[in-house]
Amino acid sequence: DSGVTQTPKHLITATGQRVTLRCSPRSGDLSVYWYQQSLDQGLQFLIQYYNGEERAKGNILERFSAQQFPDLHSELNLSSLELGDSALYFCASGEAGGRAEQFFGPGTRLTVL
Amino acid sequence: TQLLEQSPQFLSIQEGENLTVYCNSSSVFSSLQWYRQEPGEGPVLLVTVVTGGEVKKLKRLTFQFGDARKDSSLHITAAQPGDTGLYLCAGVLSGGSNYKLTFGKGTLLTVNP
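Chains A and B, in that order, are what the protein sequence lines are.
Take the first sequence: its position 61, counted from the start at 1, is 72 in our numbering, and no numbers get skipped.
Take the second sequence: its position 53, counted from the start at 1, is 56 in our numbering, and no numbers get skipped.
These are computed hints drawn from the structure, not numbers from a lab.
Among the hints, erroneous ones may be present.
Straight-line Cα separation of at most 30 Å, DSS-like style, residue types lysine-lysine; simulated pairs [as the list claims (entries may be wrong)]:
| # | chain 1 | residue 1 | chain 2 | residue 2 |
| --- | --- | --- | --- | --- |
| 1 | B | 108 | B | 62 |
| 2 | B | 73 | B | 60 |
| 3 | B | 73 | B | 103 |
| 4 | A | 68 | B | 73 |
| 5 | B | 108 | A | 68 |
| 6 | B | 73 | B | 59 |
| 7 | B | 108 | B | 60 |
| 8 | B | 59 | B | 103 |
| 9 | A | 20 | B | 108 |
| 10 | B | 59 | B | 108 |
| 11 | B | 103 | A | 20 |
| 12 | A | 68 | B | 103 |
| 13 | B | 60 | B | 103 |
Bound conformation, chain B alone (with noise of 0.2 Å):
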C-alpha cells in the first residue's frame, strides 16, 4: 500500500482552467513538500509545508496542509501549458526520521493550449 496517495492519476485540462490535486494519507507527517517533475528532469521542490492548516501560495498555485497534517492539496489557478508536469508530493513522517522523505506516484498534468 502507497502511505501517500495522490489523485487524480491524470489530469488533462484545457489553458485557462483550474485544477485541484490531492495528497491523501492516513499518517500524520511533520512535514510535506510539493515537487514538479518535467519528462526526462529530476524533481523540483515548489514548496513546504509544516504546520497543520498551512496555506501558501506561489503565484497561481495555492498549497494547503490539512488541520491534521494527514493530506496536502494543491491547487492552481488558469492553469497554463508550462504546468504540464508532474506534480509529486512527498513527506516526513512525524515521529520517524527526519532523512527520509516518502513519495506519492504523482499526478500527471496535461495542460493543452
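Just chain A, same shape as in the assembly (with noise of 0.2 Å):
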C-alpha cells in the first residue's frame, strides 16, 4: 500500500460527458502528480501540483484541468470526453525536487462508450 488513495476504481461514462477523478496524497507529501496510462501511450504525465499550485505541466489536453486543495487532496476533472480519453489515470505523490521519487495510487481506470 502506497498510502496514495484514488477514487473511483472504476467509471463508466458516455462521450460528451464530464467526469472527476480524486487523490489523496500520502501523509507529508505535498506533491500531487497525475498521469494518463494507455496501451499504445504508456505513461503520460499529465500535470503536476505542489502545495496548492501547479508546477508542471505535461501533455495535458485543455478539456482536463486539476487542481489540489488546502487539505493537498487533488481533482482531475475530464470533459467533453472522447472514446480516445479511455485509460488508466494515475495519481502520484512524492517530495518535489531532489530524486523526485513518486508513489502511485491504484488508479481510476475510465472507460468511455
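If you follow the hints, you should be able to join the two separate chains into one complex; please do so.
Written out as C-alpha cells, the structure is:
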C-alpha cells in the first residue's frame, strides 16, 4: 500500500460527459502528479501540483483540468469526453525536487462508451 | 521520439533463468528510477540511482546507472513467477525541472513456472 488513495476505482461514462477523479496523497507529501496510461502511449505525465499551486505541465489536453485543495487532495476534471480518453489515470505523490521519487495510487480505470 | 527507450519490449522466460532489461537515452539524467507495475495496479518504486556508475542490489535484482548517466540496466537473477510485471524506468533530466519524471514505455516480463 503506497498510502495514496484514488477514487473511483472504475468509471464508465458516455462521450461528451464530464467526470472528476479524486486523489489523496501520502501523509506529508506536498506534491501530486497525474498520469494517463494507455496501451499504445504508455505512462504519460499530465500535470503536477505542489502545495496548491500548479508546478509542471505535460501532455494535458485543454479539456482536462486539475486542482489541489488546501488539505492537499487533488481532483482531475475531464470534460467533453471522447472514446480516446479511455485509459487508466494514476495519481502519484512525493516530495518535489531531489530524487523526485513518486508513490502511485491504485488508479482509476475510465471507460468512455 | 521516446526520450527513454526500454528494451526488450516483451520478455518471456522460464523460472530460474537470468535476464537483463535496458533503459537507454541520448540525454543525461540527474536521477533514474525503476518501477514495477502489475496489471490493473499502480507502479511501485523499486530503486533510485543518482550517481554515474552506481550499482544497487535489491535481493535478486541488480540495478546499474551508466557512467555518463544516460542509461541504466536491471538484471534479475533466478527469476521467479512473482517477478512478472511491467518494468518501467523513469528519469529526471539533468538541468531540467526537478519535478517532472519522464517514463519509458516499459518491458513486460513474464516468468513462466
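Against the structure, the hints:
no.	hint	verdict
1	108/B x 62/B	holds, 25 Å
2	73/B x 60/B	holds, 19 Å
3	73/B x 103/B	holds, 17 Å
4	68/A x 73/B	holds, 24 Å
5	108/B x 68/A	holds, 19 Å
6	73/B x 59/B	holds, 17 Å
7	108/B x 60/B	holds, 23 Å
8	59/B x 103/B	holds, 23 Å
9	20/A x 108/B	holds, 23 Å
10	59/B x 108/B	holds, 22 Å
11	103/B x 20/A	holds, 25 Å
12	68/A x 103/B	holds, 9 Å
13	60/B x 103/B	holds, 25 Å
Violated hints for the displayed structure: none, as all numbered hints are satisfied.
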